[in-house]
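Under the numbering used here, residues 40 to 162 are what the sequence shown spells out, in order.
Treat the hints as calculated values from the structure; they're not laboratory data. These figures come from a predicted structure and were not determined experimentally. Cβ coordinates follow ideal geometry from the N, Cα and C atoms, glycine included. Certain hints may be false.
[As the list claims (entries may be wrong)] DSS-like cross-link-like pairs, simulated, lysine-lysine; straight-line CA separation at most 30 Å:
#1 Lys46 with Lys101
#2 Lys46 with Lys65
#3 Lys87 with Lys156
#4 Lys65 with Lys120
#5 Lys101 with Lys156
[Said to hold, decoys possible] Ranges between beta-carbon positions, derived for each pair:
#6 Ser124 with Val153: 11 to 21 Å
#7 Arg111 with Thr131: 13 to 23 Å
#8 Glu83 with Gly143: 42 to 52 Å
#9 Val95 with Val58: 12 to 22 Å
#10 Glu105 with Tyr146: 24 to 34 Å
#11 Pro115 with Lys156: 46 to 56 Å
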Amino acid sequence: MLDVREKTFPNLNCGLDLVGEVLYGKWKMRLLWFINEGYLRPSELQRKIPGASRRVINIQLKELEEHELVIRTIYPVMPPKVEYSLTEFGKTLIPVIAAIGNWGDEYQDSLKRVILKGYPQLA
């Protein structure tokens with residue numbers, strides 16, 4: 040299927056814009072985290088993130104590979120076996136992701152409260 044949306048050129052003026060460009064995607068930080076923890080196969084990642092479709096996981100893994108954060112290795116066996124691993128560049132994000140996770144843990148009550156404001160049916 041042809042994507043008819045025009046791709047806008049990314050804003051590359053500051054570090055936050057650059058990080059957003061490579062990490063934008065609901066599951067990318069989790070994918071990087073789980074690959075770092077040793078979950079290397081797409082089926083393993085799917086089990087760790089049941090809310091994500093296989094298609095979305097594959098798209099986001101491809102984008103992480105294009106941004107040189109992960110490496111995809113295809114083993115010549117039948118059926119083909121694929122595994123992902125972090126590049127050295129990708130490994131540099133793990134402390135950042137850990138810090139964001141720790142911040143989320145520390146402020147989880149406040150974060151849940153403000154997020155749930157957008158779902159009045161749950162209040």
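We went through each hint and held it up to the structure:
| no. | hint | result |
| --- | --- | --- |
| 1 | Lys46 with Lys101 | holds, 17 Å |
| 2 | Lys46 with Lys65 | holds, 19 Å |
| 3 | Lys87 with Lys156 | holds, 27 Å |
| 4 | Lys65 with Lys120 | holds, 25 Å |
| 5 | Lys101 with Lys156 | violated, 34 Å |
| 6 | Ser124 with Val153: 11 to 21 Å | violated, 36 Å |
| 7 | Arg111 with Thr131: 13 to 23 Å | holds, 19 Å |
| 8 | Glu83 with Gly143: 42 to 52 Å | violated, 23 Å |
| 9 | Val95 with Val58: 12 to 22 Å | holds, 20 Å |
| 10 | Glu105 with Tyr146: 24 to 34 Å | holds, 32 Å |
| 11 | Pro115 with Lys156: 46 to 56 Å | holds, 52 Å |
Taken one by one, the earlier hints fail for this structure at numbers 5, 6, 8, listed in ascending order.
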